[in-house]
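**Q** The lines below spell out each chain.
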Amino acid sequence: MSTAVAMKPAQRLTGFMPLIALAALVAALTIADPDFLTQRSLIAVARTAAPLIVLAAGATLVVLCGGIDLSIAALASLSTVFLALWLPNLGGLATPAVIAVAAAIGAVQGVAHVLLRIPSFIVTLGGMAILSAVALVVSGAGTVRVVDDSPVHWLDLYLGGYVPMSAATALIVVAVIAVVLRVTPLRSWISATGYSESAARLAGTPVDLVKIGAFCVSGACAGLAAVMLVSRQFSGGPTMADNLLLPAVAAIVVGGTAITGGHGSVWRSLAGALVVTLLRVGLPIVGVPSAYEQILYGAIIVVAVALTLDRSKVSIVK
Amino acid sequence: MNVTPRSAAAILSLSLAAAVLAGCSEQAGGGNGTAAAGEATCEPSKVRLVGQVRNESNPYEASWLAGGDEFAKSVGLTQERLTYDGDSTKQQEQISQILAGDTKCLVMNVLPNGDSDTPPIVKGADQAGAYLVTQWNKPADLKPADYKTWLSHITYNGVESGQQIGDALATAIGGTGGIIALQGVLDTAAAKDRFVGLQNSLKKNPGVTLLDQQAANFSRAEALTVTKTLLTKHGDHVKGIWAANDDMALGALEALQQAGKAGKVAVVGIDAVPDAVTAVKNGTMTATVSSDGSWQGGIGLAIGFCAATGKLKVEDIAAANRAFFAEQFLITKDNAGEFAAPKTNPADFECGNVFNRVAGPLT
Amino acid sequence: MNALEVRGLVKHYPGVTALDGVDLAVRPNEVLGLAGENGAGKSTLLKALVGLVTPDAGTIHVRGEQVKLRSVVDAANHGIGMVFQEQSLVPNLTAAENIVLGSEGPAVRRGIYRWDVMRRLAQEQLDKIGSPIDPLARTDSLSFADRQMVEIAKVLRIEERSQHPPVVILDEPTSVLESKEIETLFAQIRRLREFATVIFVSHRLDEVLDVCDRVCVLRGGKSVGEVAAAGAVPRELHRMMIGSTGSDDHYHGSAATTVVEEQPRLSVRGLSGASFHDISFDVAPGEIVGIVGVHGSGREDVCRALFGAEPTTAGEIRMDGTRIDLPSTRAACAAGIGYVPAERKTEGMVGALSVAENMTLAKQQARCAGPFVAPKKQATLVDSWIRRLSIRTPGRDTPIQRLSGGNQQKVILARWLVAGDIRLLLLDHPTRGLDVGVRSEVYRLMRELAATGVATVLLGDSLEEAVGMADRILVMNDGRVATEVPCPTGAKPTPLDLVKEMV
Amino acid sequence: MTSEVVTAPRRQSRRGAAFRDAGPPVALIVIFAIFSALSPQFRSTDNVQNIVDAAAVLAVVTCGITFVLMMGSIDLSAAGVMGACALTVSLLVANNRNDNGFGLLGIAVAVLLGCAFGALSGLALVLLKVPSFMATLGMSAVGLGVATLMFAGVQPNITDTMVKGLAIERFLGFSYLTWIAAVCVLLGWLIQRYTRLGRYAYAIGGAEEVLALSGVKVKPYKVAVFALAGAFYGLGGVMVTSQLGAGLVQAGDGYDFSAITAAVVGGTLLTGGRGGIPHSAVGVLLVMVLTNGLVQVGVSPYWQGGVEGLIVVAAVAAAVIPQRRRNQVVK
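Protein chains in written order, with the numbering used here: chain D, 1 to 318; chain L, 1 to 363; chain X, 1 to 503; chain P, 1 to 331.
You can trust all of the hints, since none of them are fake.
Subject to a maximum C-alpha distance of 30 Å in a straight line, what follows is the list of computed BS3-like cross-link-like pairs (lysine-lysine):
1. P/K219 - X/K345
2. L/K313 - L/K104
3. L/K261 - L/K204
4. L/K313 - L/K123
5. L/K104 - L/K148
6. X/K345 - X/K376
7. L/K261 - L/K281
8. P/K217 - X/K68
9. L/K148 - L/K311
10. X/K128 - P/K217
11. L/K281 - L/K203
12. L/K203 - L/K261
13. L/K104 - L/K123
14. L/K333 - L/K204
15. X/K345 - P/K129
16. P/K219 - X/K68
17. P/K217 - X/K345
18. L/K311 - L/K46
Calculated directly from the structure, the hints in this document are not laboratory data.
Remember, it's a predicted structure, so these values are computed and weren't measured experimentally.
Can you build the whole structure from these sequences, using the hints too?
**A** Here it is, written out as structure tokens:
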């Protein structure tokens, strides 16, 4: 049936494509501006990419299940507001509290998706609007400043003087998700749900729980990303993370995860997030004018996806 | 991207080990710490000028960058133009990337996306020792005077402008009647201050009633739809439209035209974008308040340039000039001609004159 | 002159030789049967005939003229068309559009539809085969058999393209049809031969002999012989297909367990749902109960309801005397119930996942130590089942979609057995599309399981299969159990007895 | 990303299909009735006119996106394409930046540019095999970049009376733009019903592989559908320009997601193969009635977006109730 019988080397290559795309991009930026490839500059990229990595890693799970989570950015914004409001009273407990609340909100959307049988695109699109409204109301439509940011300051430190703590945390999150998936049956369950939900269900896979769980983790990741943003901005704002939605989705797809579900991994999203961050930050820094920057950004992500997507696993591209 | 559990575990333990061994530090390694910061002076040719605004696709911010270019040209340099699409995170990302480069003799003239975006920019610039001028948005309790290289914060008095156009609107409709208000992006100081100004004006003019207020997010297109809806909702009760910026005022004008009410309803806005000034001149719009984009684009760089080259000592800047309201003028039909083509005077940017347009300290 | 002739056709895939010099000649206006086990090369041969596969060597001749077929359109231009095994109709278009799809001719002029012309063209096609279907009905509102008619009407459109009588290839057309529908289809085929040549492929040898004039047998990518259908018996064909005499006891009746009356394993009382009402029956441990009924009788839904995949409105289900609720498939799974769905490709397996993952999907505990997957445990377990069911696969990590249908089905069956906790197995057309050899293996496995006390509910692929395997048969009609027929080895009812109850 | 009922050979009950098609119009009527009861201004003729006028641009954009959704693809390029086309038309008709004055020809060029952008997205999909989600997202960025280039710092205000008049002049109580939108909806419906392009777009969403088996070359049709959608966005950009009297880079802001919302609320599935232009037209009205109604009844601006989101989710949930099944795939 399948025509892809023996293409092992090619397949291995597509597995590394996100990394190759990343390296090519760094090389191109360095050629455009030799000052770009400095240690400090790369450290700054890593620090910058951290929230996006975390957001993308969480949403990757939902995409692997065959859905999409459009609410992550709005949820992260709302979480920054919560964190900023709670820090004065809860102190160090505010961080876990915010992540827990974000996870719960994610789970609620998952439940709505599963029980009401509404496509995740619609549930999370609605969720996005609702969460934004709540954030506006809770914050009084203004930014909430964090006067004492010591409970989240640790994210702004540098490990060993070089590795930004936020980047290390992001890496740990990705690693933990990846390891948990690999060593437990979750990996099979999620892929089965993504590739063929009905087959998974008829094999007794707890499809509904898996999906709710994915939304829950996606929400928790949005919460953690919010903590990182607050530690960087010293404040919370009702629209602070809103613009990270499309970059996060782009990161997932550029990493080579199939938007139709099943095929992909959080590691791919890590590479994808770095590519997207380099594009967002790198292009203007090396002096590409604003208009051309957008054109290049658009063209490069299309090409990057063309390179990274493993088409042997996806028969029809929609 | 196959990472086995074992290698992933290795990464985990390695990073933890690194943490324990090396401890944590505040600053990325290989940095030059707090650099020049006012002590060493820079060669004028070594100064790096950066101007950052939201985008190049609206007239006000485009003129800002043009003003910056003009100033840079006058001192034989070029301005690095950065735009962040109104995306707070992108702005921070660009700033931290700029600060990760060579920060000696770096001058930044920044339009922070919102109040909350200012503190991290200030902290970053302070650590890197880059000269910084911010405009429009900053939290009230964050003061340039407390920092060494955050030279100044420039803004316009939103409460005042909101009140000025509110009063002008009240006069235009003869002191009595209903008006509607179009608010800006709710999460910005500019939108809130200007609305406070309107409320002050309403107190002063008891005959004027606020029928409705809706957010149109500083956008011409949104203002068009919102105005159309409000016009049908309140019908002929609407005598005037108060818009928190000129783009929305222009959108409201289009809506009036489409509703066949052009000329029957007074419209006011803020910012004095060229189209609005023309409209005021033609009499289709009642009033607007000047804010001078190209001056703002040049002045921030000029202050920084003067400080970097040592012509202006940070200690010498008067406290009142570290955070100030710039001069603004109410533009009505009478004086619209003078503002039709805003001209930046190169003399404004000379180091002795940079604070000429101070209207008063920021309160 | 032969309508179609194939000489020395060879096709290699990496590692496999699918066709190894096949010769085949089809005479005008005959119905030629094509028989062979899975992997014998039937599919590849058919694909070569309609231009989906380019052969490495050998030639194809249409009416004596050598041709190269590069695409379906190419084949159609030479008068060759095929009714595909999985129906190839667009569900959301009308029957008429499907019939003319790809060769609209005058029905679409300069990209603009002319619905009246299209309707007329489609009606002409449907009239040819005497089908009463409304050409403007949406395809997904038609019954399965009607859709098959639409397919045939569509294939006959190739007449318009070539001046000669068409060659129509029917690939497994009966595998999902009920017996009555099969009768209609056969009537159509007999009609077709008046003006067309037919190549008929089926796993059901009796059917092949029933409808064909001549049967050609493939084995290992070669033609190994042909027989005139008249007077031939299935056993003879079977022997040619597998190269030796098949077992007499196809259904392994000798291994049937004697059911001891004790507490029933499964007890259903008054079960009702959207498409079935007041269903009551018992299944004893070790018993195989067949449910038969026409399409729409509700038997599939009863089966799914027992697996928690279809909601019920009333009634109770007891397993070993304990009442259970089945709010989800997960609950059914935990209760020791297993289900093999009829749609293997879309509902049975997850194509892109490996054999090992598919096999352990339902019973994760079998490959885990605590909450973690134990790779060694999994390898041992999966390999042992691959050996036990002689599943032919390059390895346990091969994606299941690369396996042949029979081996895929074995993996899905193994899925329920790996943990050894299965108490009730629900089999919905478990042998659909499988060749004789694999079928036999599946039957033997069912007998083995029954011997260990597993209760089985079987929705047979054919009436014969249900009769052959079941100890007892429930006949369903219009959502209700019409009657219950005992079916012990040695005293089997004939399919005809059952058909009377079904309609 | 959407619901589809599995079990291929099982028959869909006709009743279910009727329910599904009836859902959105019923929701529209119910929501309209509720707002009418709450606010007398809402039910005024003026306001109904206003709602229909305000729906014009969204209707045109949604027409375009519907064809793409019918194929099972998605299109996020509306914002960028509309921006580029808005700038193009405003620079080609009489304006304050240059001496052009091409009038209708300028509009035609803008629509063709939209078409070209769409075709590019389509080509990226079929040639590079990039999923439409990303291909169109990239194209949107390219469109915005092109628009910013043309903007060049000075807002082009149009002085062409014909173009401006489209938004101002009225015929039978509705603005010309509304009539243009009505023509587009009608045209879209005709394309969907009576052309090979429309029917194949529908069929691609139903069973793409079957089309290939029947000897239909699918790729050109996919590109054509994206090009068609692009043309609609181009026209949408022109309409926004006419409304605003100026070419804005942000002309298409938000239209991508609102158009998808409108189409989906109207009953078009994101997996393709179901729905169509009439459905989308109902969806557009539903969305506009909501937006307008919330302002009319005086819901706080903070909450409006949230209430809208909630109602959309509720509307879709209510619409799927009749066809809810246990073993149903919803993505």
